[in-house]
Amino acid sequence: MPKHTYLNSEYGLKSWLLTLDHKRIGILYLFTTTFFFMIGGTAAALIRLNLLTPGGELVAADTYNKLFSIHGIIMVFFFLVPIAPAVLGNFLIPLMIGAKDVAFPRINLLSWYLFVTGGCCELYAIIWGGMDTGWTFTTPLSTHYVNTHVIAAAMGIFIAGFSSILTGVNFIVTVHRLRAPGMTWFRMPLFIWSYYATSIIFVLATPVIAITLVLIMLERFIGIGVFDPTKGGDPLLFQHLFWFYSHPAVYVMILPGMGVISEVVACFSRKRIFGYTAVAFSSVAIAVFSFFVWAHHMFIMGISNYSALVFSFMTMLVAVPSAIKIFNWSATMYKGSISFDTPMLYSFSFIGLFTIGGMTGIMLASLGMDIHLTETYFIVAHFHYVMVGGMVSAIMAGLHFWWPKITGRMYPEPLGRLAAAILFIGFNLTFFPQFIVGYMGMPRRYHSYPPEFQVLNVLSTAGASVLAIGYLLPAVYLIWSLKYGKIAGPNPWRATGLEWQVQSPPLTENFTETPVVDFEAYDFEWLENHTKNEVQTVG
Amino acid sequence: MHYFISPVLWQFLVHWLRHLALIPPEASSIAPYTDTFFLFLLLISAFGTGVVVLMVISFSVLYRKEKNPEATQIEGSTLLEATWTIIPLALFMICFVWGALLYFRIYNPPTNAMDIYIVGKQWMWKAEHPGGQHEIDALHVPVGRPVQLTLISQDVFHSFSIPAFRVKREVIPGRYTTVWFTATKPGTYHLFCTQYCGTLHSQMIGWVYAMKPDDYQAWLAGSTSGSSLAQNGERLFASLGCNACHSGSESARGPNLAKAYGSRVQLTDGSYTVVNDAFLRDSILNPATHVTAGYAPIMPTYQGQISEEGLIDLVEFIKELHSNERVQQTLNTSQIQSPGLAAGEAKNGVQNTEPHPSEAEHSSQGRRSVKTQHRTAPTTPGMVNQ
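Protein sequences appear in the order of chains A and B. Be aware that the first sequence starts at 383, since it is given in the numbering used here, and climbs by one per residue. Be aware that the second sequence starts at 5, since it is given in the numbering used here, and climbs by one per residue.
Calculated from the structure, these hints are not laboratory results. One or more of the hints may lead you astray.
[What the hints assert, rightly or not] Here are the simulated DSSO-like cross-link-like pairs (lysine-lysine), alpha carbons at most 30 Å apart as the crow flies: (1) K868/A with K130/B; (2) K613/A with K130/B; (3) K71/B with K717/A; (4) K717/A with K385/A; (5) K868/A with K71/B; (6) K482/A with K868/A; (7) K482/A with K613/A; (8) K69/B with K717/A.
Given these sequences and hints, build the entire structure.
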């Protein structure tokens, strides 16, 4: 282990809680998002356990409603949205572009505190009784018909939203202004393109959910009436406002994962990503088009048929850049030199499961089909395939790929591969039956259901228990590796990228001298031709 | 629209899928079209996923590190990029067009559909048939006739779903939504609320009873509350004092409602609109927003004074005015009539109350205005049911 790293440069709680080091802030976020993941995961476990029997005897209906609401809110706003940008993005972006830190380190720390504050507010809402409107806060249910902690829950998300906005601003400025000399836009790793696109969405979309939540709070608190038809308001307006953010939000959740996959597939194929330019521009295209499709969540809500046509068409268009990426990643493997380490296994998982999730998205984007499928478990299965099968696989891939860089240690490879396999099997067993039960008509958010759906629900719950093992195992061995893992060295994967040219873990200032970039990204030829690592260890 | 495989093969496929409990029964005219489309979507999804999985697996095997220690750097291929952009786009466009056609089919009712009104409230469904039959968490429909549901919520968002018919529509407070279907197979099918609406969302379920026409007639006869929706509406019309302005006379303060339903009216802002269910409901609750040209904006709002059922009754009443002159008399009772004339008119009225069991044809939301004709639900002879 190198003698001086960002981890031992300073000791003490204050050095962590008042740090300006982007890497330490990334670690802080890792702790908080993992904490929220466990809460959301517990809620999921209780949901699936309740659904073992048609009568839903495990918990009362109100409790069940609170459970799925908590699961949705925590997983969306406090896990999936922040995790990749705030953990991997914070840690890696400056390293990848050859910078000492992000553009605004203090704002970066402020982002974390805003996230924690929002999270505490949400925890208050949960512990003091929860809320049962679903993560979608549908009006007028959320404004006039429930007496749970809606305002507190909305406030928590509102505050955490500013964390996202500031992170987005920080990343955009960092990428524009802090790239090392010689690193042109098209010499950046594709990871950076994805995170840049994500940051654009953060900045443009998050303010909309912020104001929508404020309107909910005002409507609930003083009855302003914007969503109340008896006062001349329109509940459908809420749907438009909510989904205007929440659809781009799902691309916020997936784009960083796509960035990770680009890096991992390139490294474990020993090849430059096929079609670099196409993959780079597809990230931006996804970010732009994501703003044009929101009403595909509203096809049956009474929007005009012609509106529906426009949104269905745009949704078909937004699927194309994602398809382009999948094909480019697959083509990268052609004539590559493939290894099957854990990050690559998770990438395979991503490619397969995201494709299935994406194709079911096309099914839902098709208007007439959506009528039968919407608001059933088909939707639940669709978004879990892209979010969990896709994004969580990508997070696991990224976590394992950069674990040696972050901690200086290797995780145990055989256990890593086992966990990847368990996750894949458990995931499919959990969510594939939900496609079937959804087509059969089982609605979502049901605490109890007709008995003929029981077999599929039991299968799904059984899968969930396997999936849980797939998450617990990495938690165990990753923590174990902190003390007992093999020392990693600067570039255990022999990957390209500036982050692999510094020691593991890096120094606080990342680089002892500013690197000059006169090579393309993914220059594996150069790497193969040089047996000597360019290492910068100190001490 | 046609099946894309032979109907005989299709029956086998559906039967097999049904018994594997993979699809619900195909119990409406549109269900086979939805399922055929799904089969297409499934096939192209399998194809797309298959291509990707095949690529990944074969490249993993052919180019694994042990077999191919040195990678060949390939920048890309514009031709391949174009191919895998254009082919998916083309397939998606087929899905778009097919889906759009199916959607328009499901949400544009035929002109001869019979009406049933559904009011959703936490946590039950109330179905109101024009003949005065009321049901809770149940819906009786005849097989072989198009049925249009007009839906509204009394409180929060709900969603009315009949998986076996492949139809679903959000039920929202503040305005009507509609959906139509033609049941094709007698039987009992699930009815679900599919939009989360609070504590007993999972209990807001019921059954749809599709019945052969004779059985349906028998049910209608046995379940009537004795007073049709239009008759209820007539009473409301009087008790709420609508008569005072909508008396039908030349100098009345409000427009004549006798021929209003389905007609095109000009509003004070110059625009034209069709008088349909939604317009009527809105005019009662928010009269200031749609003032008919030539009239003053003096109608008071009835917001909060009439329930959704009451509004449905009034809408039905006004629909009926088109066809039922006896009911039209109600509007004119505020005028002084000589007894002889009244008797003569009453006699005329009686003649017109004979039920007309011919195919109903009427205008409804979303369609161009059509002259209303006899649109009562099929009645047994001798039953005065307007």
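Hint check:
no.: 1; hint: K868/A with K130/B; verdict: violated, 67 Å
no.: 2; hint: K613/A with K130/B; verdict: holds, 25 Å
no.: 3; hint: K71/B with K717/A; verdict: holds, 10 Å
no.: 4; hint: K717/A with K385/A; verdict: violated, 40 Å
no.: 5; hint: K868/A with K71/B; verdict: holds, 28 Å
no.: 6; hint: K482/A with K868/A; verdict: holds, 27 Å
no.: 7; hint: K482/A with K613/A; verdict: violated, 55 Å
no.: 8; hint: K69/B with K717/A; verdict: holds, 10 Å
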